[in-house]
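Protein chains: 2
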Amino acid sequence: MITGKNWIGNQLLGSSSKIFYSSNPKENANLEPAFYQVTTEELEIAVKKAEQAFDSFNGISPLRKASFFSAIKGQLLQNQREILEWYCLESGLSYSRAQSELNRTILQIDQFTELVKENFWREASIDNTDQSVIPQKPDVRKMNIAIGPVVVFGASNFPLAYSTIGGDTISALAAGCPVIVKSHPLHPATGELVANAIIQAAILTSMPDGVFSNLNGLDFSVGEFLVKHPKVKAVAFTGSFEGGMALYKIATNRPEPIPIFAEMGSINPIIICNENIEHYTNDWTTLIADSVANGAGQFCTKPGLIFIIDGKGVVTFIENLKQKIINKNAECMLSEKIYKNYIARKNTHQAKIEIEGIIDFSKGNFASPNVGLTNAVDFLNDDFLIEEVFGPYTLIVRCRHEKELVSCLNKLKGSLTGTVFADLKACQNLKYWLNIMEKKVGRLLLNAVPTGVTVCPSMHHGGPFPATTDSRFTSVGIDGIKRFIRPCTYQNIPDFLLPEELQNKNPLKILRRINGNWTFAEIIS
Amino acid sequence: MITGKNWIGNQLLGSSSKIFYSSNPKENANLEPAFYQVTTEELEIAVKKAEQAFDSFNGISPLRKASFFSAIKGQLLQNQREILEWYCLESGLSYSRAQSELNRTILQIDQFTELVKENFWREASIDNTDQSVIPQKPDVRKMNIAIGPVVVFGASNFPLAYSTIGGDTISALAAGCPVIVKSHPLHPATGELVANAIIQAAILTSMPDGVFSNLNGLDFSVGEFLVKHPKVKAVAFTGSFEGGMALYKIATNRPEPIPIFAEMGSINPIIICNENIEHYTNDWTTLIADSVANGAGQFCTKPGLIFIIDGKGVVTFIENLKQKIINKNAECMLSEKIYKNYIARKNTHQAKIEIEGIIDFSKGNFASPNVGLTNAVDFLNDDFLIEEVFGPYTLIVRCRHEKELVSCLNKLKGSLTGTVFADLKACQNLKYWLNIMEKKVGRLLLNAVPTGVTVCPSMHHGGPFPATTDSRFTSVGIDGIKRFIRPCTYQNIPDFLLPEELQNKNPLKILRRINGNWTFAEIIS
Numbered sequence: 001m002i003t004g005k006n007w008i009g010n011q012l013l014g015s016s017s018k019i020f021y022s023s024n025p026k027e028n029a030n031l032e033p034a035f036y037q038v039t040t041e042e043l044e045i046a047v048k049k050a051e052q053a054f055d056s057f058n059g060i061s062p063l064r065k066a067s068f069f070s071a072i073k074g075q076l077l078q079n080q081r082e083i084l085e086w087y088c089l090e091s092g093l094s095y096s097r098a099q100s101e102l103n104r105t106i107l108q109i110d111q112f113t114e115l116v117k118e119n120f121w122r123e124a125s126i127d128n129t130d131q132s133v134i135p136q137k138p139d140v141r142k143m144n145i146a147i148g149p150v151v152v153f154g155a156s157n158f159p160l161a162y163s164t165i166g167g168d169t170i171s172a173l174a175a176g177c178p179v180i181v182k183s184h185p186l187h188p189a190t191g192e193l194v195a196n197a198i199i200q201a202a203i204l205t206s207m208p209d210g211v212f213s214n215l216n217g218l219d220f221s222v223g224e225f226l227v228k229h230p231k232v233k234a235v236a237f238t239g240s241f242e243g244g245m246a247l248y249k250i251a252t253n254r255p256e257p258i259p260i261f262a263e264m265g266s267i268n269p270i271i272i273c274n275e276n277i278e279h280y281t282n283d284w285t286t287l288i289a290d291s292v293a294n295g296a297g298q299f300c301t302k303p304g305l306i307f308i309i310d311g312k313g314v315v316t317f318i319e320n321l322k323q324k325i326i327n328k329n330a331e332c333m334l335s336e337k338i339y340k341n342y343i344a345r346k347n348t349h350q351a352k353i354e355i356e357g358i359i360d361f362s363k364g365n366f367a368s369p370n371v372g373l374t375n376a377v378d379f380l381n382d383d384f385l386i387e388e389v390f391g392p393y394t395l396i397v398r399c400r401h402e403k404e405l406v407s408c409l410n411k412l413k414g415s416l417t418g419t420v421f422a423d424l425k426a427c428q429n430l431k432y433w434l435n436i437m438e439k440k441v442g443r444l445l446l447n448a449v450p451t452g453v454t455v456c457p458s459m460h461h462g463g464p465f466p467a468t469t470d471s472r473f474t475s476v477g478i479d480g481i482k483r484f485i486r487p488c489t490y491q492n493i494p495d496f497l498l499p500e501e502l503q504n505k506n507p508l509k510i511l512r513r514i515n516g517n518w519t520f521a522e523i524i525s
Numbered sequence: 001m002i003t004g005k006n007w008i009g010n011q012l013l014g015s016s017s018k019i020f021y022s023s024n025p026k027e028n029a030n031l032e033p034a035f036y037q038v039t040t041e042e043l044e045i046a047v048k049k050a051e052q053a054f055d056s057f058n059g060i061s062p063l064r065k066a067s068f069f070s071a072i073k074g075q076l077l078q079n080q081r082e083i084l085e086w087y088c089l090e091s092g093l094s095y096s097r098a099q100s101e102l103n104r105t106i107l108q109i110d111q112f113t114e115l116v117k118e119n120f121w122r123e124a125s126i127d128n129t130d131q132s133v134i135p136q137k138p139d140v141r142k143m144n145i146a147i148g149p150v151v152v153f154g155a156s157n158f159p160l161a162y163s164t165i166g167g168d169t170i171s172a173l174a175a176g177c178p179v180i181v182k183s184h185p186l187h188p189a190t191g192e193l194v195a196n197a198i199i200q201a202a203i204l205t206s207m208p209d210g211v212f213s214n215l216n217g218l219d220f221s222v223g224e225f226l227v228k229h230p231k232v233k234a235v236a237f238t239g240s241f242e243g244g245m246a247l248y249k250i251a252t253n254r255p256e257p258i259p260i261f262a263e264m265g266s267i268n269p270i271i272i273c274n275e276n277i278e279h280y281t282n283d284w285t286t287l288i289a290d291s292v293a294n295g296a297g298q299f300c301t302k303p304g305l306i307f308i309i310d311g312k313g314v315v316t317f318i319e320n321l322k323q324k325i326i327n328k329n330a331e332c333m334l335s336e337k338i339y340k341n342y343i344a345r346k347n348t349h350q351a352k353i354e355i356e357g358i359i360d361f362s363k364g365n366f367a368s369p370n371v372g373l374t375n376a377v378d379f380l381n382d383d384f385l386i387e388e389v390f391g392p393y394t395l396i397v398r399c400r401h402e403k404e405l406v407s408c409l410n411k412l413k414g415s416l417t418g419t420v421f422a423d424l425k426a427c428q429n430l431k432y433w434l435n436i437m438e439k440k441v442g443r444l445l446l447n448a449v450p451t452g453v454t455v456c457p458s459m460h461h462g463g464p465f466p467a468t469t470d471s472r473f474t475s476v477g478i479d480g481i482k483r484f485i486r487p488c489t490y491q492n493i494p495d496f497l498l499p500e501e502l503q504n505k506n507p508l509k510i511l512r513r514i515n516g517n518w519t520f521a522e523i524i525s
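Going down the list, the protein sequences come from chains R and B. Quick note on numbering: our numbering labels position 410 of the first sequence as 410, and the sequence is numbered without any gaps. Quick note on numbering: our numbering labels position 13 of the second sequence as 13, and the sequence is numbered without any gaps.
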């Protein structure tokens with residue numbers, strides 16, 4: 001049963017008179033029940049509980065943390081039917097998409113469970129005392145520790161993998177940070193069901209009350225309160241540029257600035273190298289059209305700009321790509337507002353350049369894929385054309401020669417991904433294009449599309465601004481934990497008072513850097 | 001010969017009519033020659049050269065980078081006599097201090113030379129393609145790359161180890177980032193001599209013009225210009241809270257925010273546990289008095305607050321500590337302004353609490369060590385008493401019981417270090433005090449003093465705000481490189497187009513994470 005209330009630690013509270021509803025975007029119809037926006041008093045309790053929980057949660061053993069994560073997974077699987085049904089109702093996305101996103105979310109939990117057991121994230125480092133040098137070198141040991149309570153903002157386009165128990169939450173919990181989720185108002189019911197699973201798991205495995213809270217809010221003031229709160233020590237956000245930057249300004253301008261990681265959308269440029277293009281046209285256009293149109297183009301990695309230099313076979317390639325994109329079916333977008341934004345931005349393009357595709361008449365927010373075509377000169381003269389259009393749309397930019405392409409690439413801002421398609425043998429400048437692209441992006445692809453992010457340790461999901469507010473961190477993969485940890489050095493502290501990770505005998509059997517060398521060995525004292 | 005000009009890459013320029021002089025703080029007398037403040041045109045060239053140098057410097061081999069570093073070391077040693085003489089003239093610090101700081105600076109260069117050769121900082125990670133799963137797992141590889149041109153602000157109190165070729169510069173260069181140093185106006189001649197060494201080394205080893213620049217400036221506008229410049233991608237600063245925060249605001253509020261690491265001073269609390277204190281009084285007070293007074297207390301790790309709970313032997317301990325501190329000799333401070341600030345802040349304490357020590361009459365900025373004494377109630381009621389007094393001063397806070405001590409500790413802001421002195425066997429609450437302290441600091445010490453930072457991989461020199469603007473990073477030790485790198489993922493890119501670090505055969509023989517496991521092995525394809 002969905003209560004519409006807020007999980008304030010292990011307590012369900014909802015005393016506000018301010019209520020709101022989520023909506024089925026296929027019908028623009030409100031869904032019952034109502035959700036109670038969290039009150040200032042409830043917010044204050046949530047933060048206080050998180051701070052209190054930090055003391056004990058931060059200190060629990062790797063195995064206990066792993067058992068908490070396994071219990072979350074168990075609860076999710078046990079309740080998956082209801083979760084997936086609400087996911088589809090609130091998001092308008094398909095059941096198969098919901099199922100695959102749940103699988104990905106479970107995979108993420110599994111990977112962080114392994115990480116917590118393996119404990120490499122501590123980056124334990126030991127420099128032994130050296131009495132032979134003057135001044136005598138002290139015993140110095142270092143490892144990463146949790147930064148404190150973390151606030152997570154769920155994403156509209158990934159109700160599971162980037163929301164309540166998405167990559168942000170699980171990486172903060174893995175670090176030992178209590179988490180307060182600001183649930184996304186487009187899927188509060190899905191959020192509550194997932195939060196139920198986390199709270200049940202926390203109770204089953206005796207985690208401290210306050211290790212997790214799930215708060216409903218329609219107003220910006222809720223997020224603002226959380227990010228401003230002195231007891232909150234870090235923030236993770238996935239969403240729009242405007243939303244991310246508003247929170248970034250708050251986090252960095254508070255009396256005690258705190259780290260914030262905001263992932264804010266991305267244009268994801270593609271370069272098509274035209275050597276032997278006729279041999280690849282069918283394969284490449286199929287890949288790219290799918291990547292642009294699938295899921296109504298509502299992915300942060302959707303390619304939004306495609307550059308190509310004129311040459312033999314290029315007109316055919318462009319025509320082929322355009323047809324494949326516009327022949328895709330309309331799909332329901334996540335909300336009426338997102339749908340209207342898509343139409344508005346597409347119309348702005350249409351006033352400037354040639355666009356093909358079906359014109360949409362609002363019918364439950366179903367959007368048809370469209371494709372724009374322009375040339376480098378017009379592209380370089382219009383700052384609007386380098387901005388993301390969130391939805392099933394991409395813009396093809398024809399360049400007359402390499403110099404024009406270089407100018408276009410230099411104009412681009414940071415992106416999560418950048419892609420090159422090329423005939424490996426025939427393309428002369430491939431290394432050059434890859435190098436230019438590398439400076440602009442967090443992930444470089446060759447002859448593959450950026451959508452469908454593989455969750456693995458080598459995946460970096462981040463990128464130079466404005467893709468994210470800090471290109472040094474990722475929100476996908478186990479390295480996501482680095483956002484929520486800080487190193488601490490222990491000097492001249494006897495073995496029995498050290499954390500287990502740093503004790504001589506290496507009781508947790510972890511990989512450590514000892515006097516500069518990485519080893520699993522223990523120290524013979 | 002000191003020219004007073006700016007190294008704009010490999011070119012010495014100084015066309016400004018705005019000049020300034022450094023001063024000998026022992027005599028408050030200006031030193032020749034004059035220094036030319038960098039002009040806007042010169043600043044623009046320096047940034048442009050840095051951006052151009054980035055393309056090639058970022059791509060040079062580990063061995064070439066290491067040879068550049070060795071050449072810097074060689075040039076420093078070759079010119080050490082002149083460097084050390086100017087160091088002493090401009091800083092008022094002793095020749096032996098200058099010598100030991102040079103040794104430390106050389107040690108830092110050596111450690112980064114090793115790091116560059118070893119290449120672990122790349123954190124190379126490979127997840128091979130897996131064709132057995134659906135959807136097929138692509139080949140995904142990741143490593144850290146340089147973030148772009150970096151601006152470094154030298155510190156007044158470490159003309160070598162935290163200035164022109166200090167830890168910030170060498171770690172940014174190690175990452176592959178060109179560096180623009182804003183030379184500290186208290187030691188511009190030392191700065192120019194060190195810059196000469198770097199430029200000569202860069203020319204000797206054929207580094208690109210613009211890999212390093214050294215700029216003189218008395219006005220805040222110089223730093224402001226650099227931190228605001230769109231081509232600058234990160235900033236490192238060591239200095240005052242006011243200076244650090246002014247730059248932090250600029251870096252985070254520019255249209256494209258950039259990472260900034262500002263280390264801004266620290267109160268470095270000490271707790272003295274009183275069990276069996278009479279057995280330790282002499283040893284502990286000797287250590288602490290040295291740590292407070294040496295080098296005129298001008299260290300960011302100088303202990304500024306000492307807490308002790310009343311009990312047997314405590315009065316004697318306090319008396320002993322006070323005497324040892326005030327019996328230390330006066331030493332010359334770094335500048336007249338720093339000296340006057342010390343006197344002013346000490347006088348503010350004196351208006352509130354009991355202070356002992358010689359009253360200074362300005363005589364070439366020589367400052368005598370002083371010590372204040374207050375109780376927990378007064379301490380808790382006065383917000384000024386938790387602020388750092390930069391100089392040879394510390395404040396002892398007597399508490400009546402544990403509860404008072406806990407209140408005092410909770411009031412503290414973040415620090416670089418926190419120290420506990422205790423009888424390991426007799427002290428009952430030792431773990432408790434260490435845990436409270438750990439939350440506030442970046443380095444925890446037991447029965448040792450925080451001054452005299454050991455430069456080794458396990459050293460963390462950073463801490464929760466306001467000690468630094470980002471507790472996740474260090475400015476000492478090889479992990480300082482993490483401030484200036486960002487991960488980049490390479491997906492589906494054939495071996496011959498990958499960076500060597502990620503190629504199957506592991507030609508650089510580095511430690512890599514392959515399918516989740518750290519290994520030196522190559523990949524058999």
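Some hints could be false.
One copy or two, it doesn't matter: identical chains are merged, so the pair holds either way.
To be verified - Cut-off 27 Å, straight-line C-alpha distance, at most; resulting in silico cross-link-like pairs (DSSO-like, lysine-lysine):
no., residue 1, residue 2
1, 231, 249
2, 352, 73
3, 117, 403
4, 340, 117
5, 439, 18
6, 312, 48
7, 312, 5
8, 439, 413
9, 5, 425
Quick caveat, the hints were computed from the structure, so don't treat them as lab data. No experiment lies behind these values; they were computed from the predicted model shown.
When the structure is checked against the list of hints, which entries are broken? Sort them ascending. Of the numbered hints, 2, 3, 4, 5, 6, 7 and 9 do not hold.
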